[in-house]
Every structure is written in C-alpha cells, then in structure tokens.
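Construct the entire structure; sequences and hints are all you get.
Spelled out, the chains give:
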Amino acid sequence: MKNFCRHSVWVVAFLLFAVSGNAQEEEVLPSESKYKDPKTKVWFNTYGNFRISKRLFWDAQTHFRFEETEDTPFIGQVAQIYNRHAIGYIYSKKVNFSLGGVLRVNFNTDEDSDDRPVVPEFRIWHQYQFAMPLYNSMIYHRLRIEHRWTKGFADDSEYIFRNRWRYMFRAKVPLNNHKLEPKTLYVSPEAELIMQSGKAVVSSPMEDLRLTTTLGYILTPRLTIAGGLMYSQGQTLENGGIYKQSWTMRFHVYFSPDIRKVKNKLPEIHFDD
Amino acid sequence: MKPTFRPQSLFSLFLGLCFSMTMLGQEKLRYTGPFQLGSYVGEVDYTYQIIDGDTLLQGDFSMKRSSLNALIDQKDKTFSFSGAFEDGFPNGPWNFQFGEFQSDQKTEVVGYQYRVNVDGAQHQAQGNIVKGKPDGLWIISEQRIEDSEVAETLFSSQITYANGVPQQSFRIEGKQSTLVGRFLRTGLAHDDWTLFAEESNETWSFTDGVLRRVSMGEDTFDVFQSPFRAARTINLDKRFSKIIKLQVGPEKSEALKKGISKLLAENDAHYKNLDDILSQLGQSQFMPLFKVKVPYFPLDSVERNHVKSIKKDYVHAAKVAHGLLENTQLNLLRRSDAEAQFLYSVVQKINTAYLKPLQKVRRFEEQQVLDYVERNQLVQRLFPNGKPSTLITPEQGERGFEGPQASTFNFKEEAMVSLAQISAYAKVSLDQIASVLYEKVKNEQQQQEFVAFEEQMIAQINRLNQFIDSTDTSGAMGEALLNIKSIAEGKLNVYSNATQSDGKLEEAKLLVPCLATFEKLARNISGLPQKELEIQEAYKDAVWNPFMANLMEEEVKKRLTAAYRNVLVPYLLEQANSALECDKAKALDQLITDIHTRMLELREEDTAKLERKLRKEKNPETVLELFNLQPLEN
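Top line first, the protein sequences correspond to chains A and B.
Taking our numbering, the leading residue of the first sequence gets 4, the next gets one more, and so forth.
Taking our numbering, the leading residue of the second sequence gets -7, the next gets one more, and so forth.
For the record, the hints were derived by calculation from the structure and aren't laboratory data.
All residues carry an ideal CB built from backbone N, CA and C; glycine is no exception.
Please note that the accuracy of each hint is not assured.
Only part of the chain B face toward chain A is listed, based on derived beta-carbon distances under 7 angstroms [as the list claims (entries may be wrong)]:
hint: 1; residue: 118
hint: 2; residue: 122
hint: 3; residue: 541
Chain A is nowhere near these chain B residues, computed Cβ spacing over 12 angstroms in every case [what the hints assert, rightly or not]:
hint: 4; residue: 48
hint: 5; residue: 56
hint: 6; residue: 159
hint: 7; residue: 167
hint: 8; residue: 224
hint: 9; residue: 234
hint: 10; residue: 352
hint: 11; residue: 405
hint: 12; residue: 445
hint: 13; residue: 464
hint: 14; residue: 537
hint: 15; residue: 539
hint: 16; residue: 542
hint: 17; residue: 573
hint: 18; residue: 614
hint: 19; residue: 624
Capping the alpha-carbon separation at 25 angstroms, the derived lysine-lysine pairs in DSS-like fashion look like this [what the hints assert, rightly or not]:
hint: 20; chain 1: A; residue 1: 186; chain 2: B; residue 2: 523
hint: 21; chain 1: B; residue 1: 512; chain 2: B; residue 2: 501
hint: 22; chain 1: B; residue 1: 244; chain 2: B; residue 2: 285
hint: 23; chain 1: A; residue 1: 57; chain 2: B; residue 2: 550
As structure tokens, then:
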C-alpha cells in the first residue's frame, strides 16, 4: 500500500511535469483569459515594531503562510516562511519610511514534485506610508517597492530578478468607539495592487490584486490582533492570459514594544506634538 | 638802615610757617545748594571745616527760600536766615525772617523789575549772638502785611541780654496789650511787671525775683507773702505757673492764664522757633532764661519713699480701674446684675475721688513741682472738699463700700503719709472689687462660650449628616462614611450627657475641631473615587501606535496605580471604618491627602526600583513605607 502510494505520487508528478512542459512550450496567450481554480491559504502574520530611538524603529515581520494541498485541503501546509525586516524612520506621526530586506523561504508544496523542497528568495524593499485621519477613522496609503530575486524549485532553475510595484489602500474604522484606541474593535477594508516588471515579465505585469477585509481588536497601544479574509487574483508569470486566484484567511498580531531606556523615552516620547 | 639777620626773626618766621600749616590742615570748605533744616527746605550757602570727622560750621551762613510760582499760584511760605558761626557756635549778628504771603496777582513793572503786591504775615527776629547765647538787644516781631506794607504789629518783643541773661527793662507787645518789666543783673524778675491792656491792667509785683502780689484790675491777691525758710531760683516757665497755681488756688490761677502768662508763652514760642533752627546747626542756648525765686520745701527721704509707693500703687490701681470701667462684658453685665452695678459705681467713685488726685501727685512729681509746695497746701489743693474716707459711697445710692481691712488705714496722718495710705487703700479695694467682678464676668463669658460652642457643634453635626445622607452609602466607602457619622454623633452624645463643670468647657473646645476633622475626613473619603480618576488620568501617557499611526493613551507605571487601587484605597477605607479617635481621624485625613500628592509626584519620578519592590506587595504599611509615607499609628 505504501509502495503503491509512493509510485502513484511519482506517476502524478510525471504527468504534471509533462503538462507543464507542454504549457511552457505553448506560451501563447489564450484568446480569452483563463482563471485557475482558486486556492485556499491561511496566513499567520506577526508584525513587530520595535522603537529604537526617537525617530527610528525596527520593523520585524514574520509570516507563516500555509497553502492547501491535496492531502491537507483547507489549512494546507507551510508554503512560505517569510522574514521581512527593515529600519523605519518616523518622519511624522502620519508619515514614515522603511528600508530593509526580506528572506523568504519557499517550500515546495507540490507533493508530486521531486524538485528542491526549499528555495530561498531575497528582496530589498522600501516603503512609504501615509496616514490620514477621516472622521473617526483612519485611511492609509502604502507605496512599497521591492527588488526581488526568485528562483523556482527546479534543480536547474536560475535566479530571476524582478521589481514589484505595490500600492495599498486601507482604512480602519472603529466599530465600538469614537476613535482608534485600546479596547476598540475595528474593521479594516483594504485593496492592494501589485505590479511587476523585469526581463522575465513579458505579458503579466499585474502580479496580484488583493482585496481584504479584516476585523481587528486593539488590546493595548502596543498590542493589536486582527483576522480577515482576502481574495486575490493575478496573472501568472508564464502566461499573461492565465489568472491565478486564491482565498486566504489571515490572522495577524501587531506588537510594538519600546526598547529604549526609560530615561530616553520619558522626556520626548512624542516627536512633534 | 642796613637789614640785619637776628635769631628772633627766624623764630617768628618758623612760628608763622607752623601756623599756616595748621590753617592748611583745617581748610575751610564752602557749600552752596539745596539744604533741609527741620521743616525748612531751601538754598543754603555756608562755610565749614571738617574736624575729627565732624562738620563744624565756621563763618557766614545763609539759607533762604522763596517761590514766585507758589506765590502766584496760591501762597508762598518764604524764609531767610543769615548770620555767622564760629567754631560751631552761632556768633555775631543774626537775622531771621519768616513770611507767608499771598498775591493779588497784579503785577507792575518798575524800572527793570516786576513788582507783585503781597498780603500775609512776616515774622522777623534780629540781634547779636555770642557763643550761642543772645547778647545785647533782641527784637522779635510779627507783622501783618497788606499790599506789601505793614498794616499791623501782631507781636513785638524787645529784650536786652548780657551773655544770655536778660537785663534791664524789657517790652513785649501783643495785639492789644503791652507788657513792661525789668530784671536784675542776675536775670531775676524785679519790681512791677505790668501788662497795659485796653480792658484792665495786670501787674505782677516781684521783689528780688519773688512774686509777692498780683493785681488784676480791681482785684489784688498775695502770692508769696509770708516769709519762708528757704528759696530757690527757677526759670519763669511752665513749672513756675504750676507752682503759682498750687499756691493761689484754681480760680485765681485760671485768671492768670490770660494776660502776662499768655504773652510770655507767646514770646517763648518765638524764641523756641529760633532755638530749634540754631541748635540744629550748631551748639546754642538761645532760650531766654527769666529767673524767679520760689519757696523751697524739699522732700526728705521718708517722703520720697512715700511718693514712690504712691506712684506704684496709683499705676496699679489706675490700670485695674480702667480695665474694669472699659470692660465691655462688665458694662453689659451690670445692666442686669445689681451687685455688679454697685461695684461698678464704686470703681467710678474711686476713680474720681481717689485716683484723679493721686494722678496729680504723680504728675507734680514728674514735673518736679512737689519740692516747691507746702505739704498741707498740696493736700488742700488735691482734696478741696477734704480727704476721702475709707467708706466709699457711690454718687447715687446709700450703700457704701469698705475695702479690705479698712480700719487699718488712717487718712488723717501727715500729708505724704496719708496720701500713701489713700493710694494703698485704693489699690487693695480695687483689687478686691476686680476679683469679684471678673469672676462674675468670667461666669457670664463661660455661659456665652458654651452657647457659642454648642451652636457650632450642632451646625457641624447637621452639616456632616446632611453631607453623608446626600452621598451614596453603598460599598466599603459608604460603610466608612456611616461609621464616621455614627462616631461623630456618639461623641456629641457623650458631651451632651456630661454634667456642667469646668472640664466641660475644655471638652467643648476640643470637640469643635474634632467634629470639623470628621467632616473634613468624610469629604475627603467621599472624594476618593474622584481622586482615583485623577490619578488614572495622571498615569496615562500618549504613545504613538505605529500600526494605527495615531497617539493612544497608555497607562504607565501600572504597579503604582495597582498598589494604590488594590492596596492603599482599601486600607484607607478599612481604617475609616475602624474605631476612629479625633487624632487618628486627623492623621487619616492627612494621609489621604498625602497619598494623593505622593502619587502625583511619583508619576514624574524614576520609579523603576520602586515598581520592582511593589511587585506582589500586599501589605499597605510596607507600601506606604515604600512610598515614603508615614503609616498610621494604631
């Protein structure tokens, strides 16, 4: 039985490879766009924001992204472990910038693949975030630019370089309070468009469009939790006529400790008010 | 003749050199400019020397003031003094002028000068001074000026002096009378001094300074006629008037106040004015000393002792009498209390019949008159209606008062002895009356104090009850408030059940602030929730939330606020709910305030260490110690 399973895995892998080989060979745009079946994913994201000086902070994010597979249909298995770090600069209460790097570890979730199980991916990224109060809510514009080196799981796969151009619009609307403060439940609709460019990008500049709604709860000024659902779609790199889709459940923890010494913190805890 | 060089001339040259050196050392300095002399402010011009650090006037002196602006505006007070000094003494001819002028504001140009007519009065004095003393003829005059001309002489005095001693005849003119008299070489008054007046003449007849007789118009009376054992020369001044008054009696002395006495006093005032100016500038004895002789009855040592005791007793008795007569409580009390009224009128009687005459004795002693009065005459003058008796009968009423051991006092002794007896009797009588009256007043006052205290206490307890009734009395805080209320009421009950005694007033005095403390404590405790909010607010800090990009209030130093909320406040309420005595209530009230203040202070302080120590600390006393506060003593 065990042997049979192993064999059948190999058979399926071969078949898939053949199909993808065929597909690569085609590389022609279909006359109509084709949408793949949506995948389901679950993301567990932590967002750390360590204040290290009056104007600088360390942005530390670790995401665990699960993707459904045949065997584990819903929550799936770990697809990526994602480490995003940056040093942020607080220009003002409403404006901040970040610059840093990402080390993403991609796991091969293809159970049939006998390619490399793990492939690292590197990025340099910088981000410009603007916040605007609106009535009792806040809206945010985030521009994020990433320089990305990726390679596939295949043994002979080489790193390809792409740039990603991301814009996200997000709002946070308090539900049980007149403003965003501790013990507040809020709803946050967001939309992010991710465009890409690079030699490898021929017909698929729109990498991803993400539409998310999350529900969050501010526990303390330094700790917030949130959860939500994201729908996303985007062109596949191989063929701009083929769109991948996914439904992702997202769970977030936001924490922002202040690791400065008390004596540095006290006199100038605020920067420009 | 051929000039020859002789040792003698060398010596005189040397002397001359030495002399000029000393002259250089004592160089004369000159001052001109503004100057103030008593109430006179004006321009001065004088020369002086500095000798041993002292300013010594030397040479001419002049000081004057006049203001045309003041004259035209309203009126001008002008003056001008000029004369000279020698070694600090006024010396040489002097001239004084004082004027007070008004102008009709009409001007006239004569030659190259503006001329303004003035009305007013001018005082003038001129004469010679030798070493600070008048010498030769001194003329002092006061004139009324109208249209810049003398309209009337108001006063004029012409007296001749030899080294300060008045000599020969003098003449003093008043507005409507003229006094003419003469002196012996020694300055003693002699012969008739006659005042020529329109109505009637007054003559004082002196023989070698002794005033023998006074005649006023038709009326003539003797003064010092009978021969006396001893005599003294004194100045003709106020003391002399006093002695005359005692000699001739009050009616005649009243008549003597006008006429010659008045004119002499006026003359004195003029001289005094000049003396004041001169003695401020240097050394002078400018007052003219008219001498007279009066009989002398010196006090012997026994009499002096009596006078001493009279004075002492009088001062004491007068103080007691005034204390009683001016006591408002007693004045109220005597309206309703017959005995108090009687004693009060006795005090009044003692005051008029005993103390007033004794006051005169004291004054005579101070004025040094006693040595010049015959003792029996003194007693006669002090008590014209005879010496008082030991039985003191107030003006209205038949009842008399006798002081303690009245029979031991004898007022019929020799003059000073009986005066001493009278003063001693007045003193002991007043002391006795005072002790009775003050006791009465004290009781009355105590009653009033009781009423005042009790009214206050009732107001306090009502206020406390009202306050607690209007407050929410559920929970631990409510229990504490109700406890305070019942303790305060209990204390008031204990007080009201106590019997009236001396101690009760003391108790009332203590209970009033005690009830005030309870009220204060109750208000402080009911303010605790408000204080908690205040602290909660104070222990918030705005932090920037990077995910929201906004500022959020964050509670800081949570261990401190937790210790306050969970340990200290329950402890305070528990204490307030215990058996509270006044002292403890006061301390607790203070502690509540102190904790609050301390909490607000700690917000700003570096409390890292304290916060570590507070971890899991549940003992309120330890917490208080950590907060540097004094725990309550149990």
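Hint-by-hint comparison with the structure:
1. 118: violated, 85 angstroms
2. 122: It is violated, given that the least Cβ distance between residue 122 of chain B and chain A is near 86 angstroms, above 7 angstroms.
3. 541: holds, 4 angstroms
4. 48: holds, 71 angstroms
5. 56: holds, 72 angstroms
6. 159: holds, 95 angstroms
7. 167: holds, 89 angstroms
8. 224: Given that every Cβ of chain A is farther than 12 angstroms from that of residue 224 of chain B, nearest at about 92 angstroms, it holds.
9. 234: holds, 85 angstroms
10. 352: For residue 352 of chain B, whose nearest Cβ neighbour in chain A is about 83 angstroms away, the distance exceeds 12 angstroms, so it holds.
11. 405: Non-interface label on residue 405 of chain B holds, nearest chain A Cβ at 94 angstroms vs cutoff 12 angstroms.
12. 445: holds, 53 angstroms
13. 464: holds, 26 angstroms
14. 537: violated, 5 angstroms
15. 539: At roughly 5 angstroms from the nearest Cβ of chain A, residue 539 of chain B sits no farther out than 12 angstroms, so the non-interface label is violated.
16. 542: violated, 6 angstroms
17. 573: holds, 43 angstroms
18. 614: About 24 angstroms separates residue 614 of chain B from the closest Cβ of chain A, which puts it past 12 angstroms; holds.
19. 624: It holds; residue 624 of chain B is separated from chain A by about 33 angstroms at its closest Cβ, greater than 12 angstroms.
20. A:186 x B:523: Answer holds: residue 186 of chain A to residue 523 of chain B is near 24 angstroms, not above 25 angstroms.
21. B:512 x B:501: Satisfied, since the Cα-Cα distance of roughly 18 angstroms is no more than 25 angstroms.
22. B:244 x B:285: holds, 20 angstroms
23. A:57 x B:550: holds, 23 angstroms
In terms of the numbered hints stated before, the structure departs from hints 1, 2, 14, 15 and 16, listed from lowest to highest.
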